[in-house]
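Please arrange chain Y on chain G, whose structure you already have, making use of the hints.
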Amino acid sequence: MSGSGQGSDSTHRTIERVARESYGRLVAYLSSQTRDVASAEDALSNALVAALKSWPRDGVPQNPEAWLLTTARRSFIDHVRHQQVAAASEPTLQLLREEHEVALSTEFPDDRLKLLFVCAHPAIDPAMHTPLMLQTVLGLDAARIAGAFLVSPKTMGQRLVRAKTKIRDGGIQFEVPQEHELPQRLDAVLEAIYAAFGIAWDDMAGVDQVGRDLAEEAIWLARVLLHLMPAEAEVRGLLALMLHCEARRAARRGPDGRYVPLSEQDSQQWSSPLIEEAESHLAQASSRGRTGRFQLEAAIQSAHAERARSGRTEWVAIMLFYQQLVRISPTLGTQTGYAAAAAEAKGPEAGLALLDGIDPDDVSAYQPYWAVRAHLLQRLGRTSEAVGAFDRAIGLTEDPAVREFLLQKRANL
Amino acid sequence: MQFALLIYESPEAFAARKSDGTDPYTGAWRAYHKSLVESGSYVGGDPLEAPDTGTTVRLKEGKRRVQDGPFADTKEQLGGFIIMELPSLDVALDWAARCPAASAGVVEVRPLAPAAKHRIT
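Going down the list, the protein sequences come from chains G and Y.
Residue numbering for the first sequence follows the working numbering, beginning at 1330 and increasing consecutively.
Residue numbering for the second sequence follows the working numbering, beginning at 26 and increasing consecutively.
If a hint is listed, it holds; no wrong ones were tucked in.
Heads up, simulated DSS-like pairs for lysine-lysine below, C-alpha to C-alpha not over 30 Å straight-line:
| # | chain 1 | residue 1 | chain 2 | residue 2 |
| --- | --- | --- | --- | --- |
| 1 | G | Lys1483 | Y | Lys142 |
| 2 | Y | Lys100 | Y | Lys59 |
| 3 | G | Lys1443 | G | Lys1495 |
| 4 | G | Lys1738 | Y | Lys59 |
| 5 | Y | Lys100 | G | Lys1483 |
| 6 | Y | Lys43 | Y | Lys59 |
| 7 | Y | Lys43 | Y | Lys100 |
| 8 | Y | Lys142 | Y | Lys88 |
| 9 | G | Lys1738 | Y | Lys43 |
| 10 | Y | Lys85 | Y | Lys142 |
| 11 | G | Lys1675 | G | Lys1738 |
| 12 | G | Lys1495 | G | Lys1483 |
Quick caveat, the hints were computed from the structure, so don't treat them as lab data.
All values reported here derive from a predicted model rather than from experimental measurement.
Chain G with its partners taken away, still in its complex shape (with noise of 0.2 Å):
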């Protein structure tokens, strides 16, 4: 191999794609044995540095993985020995220098579904589920974590650093739950995979901030977890969502940069092939007879795409949806979708009695739920109390796009 610019340029490219093609395998693979996520992090990129040094010189090996797996296993087995650790750990460590020669050969296990379920389990803060699957299955550092959920990057860094702990400590099984907790515990992976993707509803100025730029994460982890379940109907519902969603992302701005909303999207951008595989998926999803959430979601954002092809919104369709959804998910984003897509199938009085209906000290910093409110206020003529509305729906806005777009609409009422 040359030693020559490019050719070094082409092997940090190839550890960067082994780095992230296997990343999620290997961590898996490695606290799977040991419990001990950090570690087997830690162990990983110390070999993905040694593979940085040591590839440009003496070429890519031929199973760049294995490479990696044994040179990260040597690191984690000196770290314990570093850590003089008591005899307890022995059997871990007797363990690893066993498997120690196989891994070259020989294909190793996908241990991400368990990884996954670790990830999501019902000891581990809600809220630490798609920061640690996001650190652990993809490899991404906690500064563009913490970046994504607006948290200091310190404080996601601690808080990455105590649910690892709790995951050695607190006895969390890495294992795929069994038959009777499964439906629950899915669930909360997929809940876990749906935030990184962040958009709770698409339709008017309603894009919520959270993780908006790990769209494409979303989607790869949910294609791992299809990848692992197939035969789950609501894994491929989710993707189905997130596809439909992903399929208007051109369409979603202007060439100015300026916002716009769903109903005023040329669906001649949106992506056909993204659409095609979604409605895939979807019609995989619905023929298993299984309805659950993410389903229902995928099945209202299909109805949205189909005016690609009739030119029209069948609202009343997708008010059904919403019915449906917010029985077995009320939310506030299922709720405030629930009332728009009333407003459009019945009138905006039937909408604006929904959004009457949601408690208003759950909605004070909530900025969908006003500008459906402010939207609504306005066609019915009620301009100032829509320019009230308006008021919070664009002090509670992040996207300067959207500030822009709804301080348009309040300025021409």
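The following block gives chain Y in isolation, referenced to the frame of chain G:
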């Protein structure tokens, strides 16, 4: 606990204060302030006059040194502050991100230090 949102603004943002009040930046601030107050977490706060109205005073070897202008020579300058009563830093960061100055300047979030105040009162 109480947090201060320290609002650092660009020269353009300071210039917007001279407008008739119909510009988007002022409109965004009006709405933001309303949301702060109606959230029930607002304790107080005020804008500051432009940085060139500042005067710094220090004593060096017993001699008074007085200078016109702000203390720090940076592009964004302290333009005001907001005090809020909030359950956590996470929530304070949410309010900082919504602040119109966050996309045109910088908002620094600092906890107030009641213990330090207690030592001197």
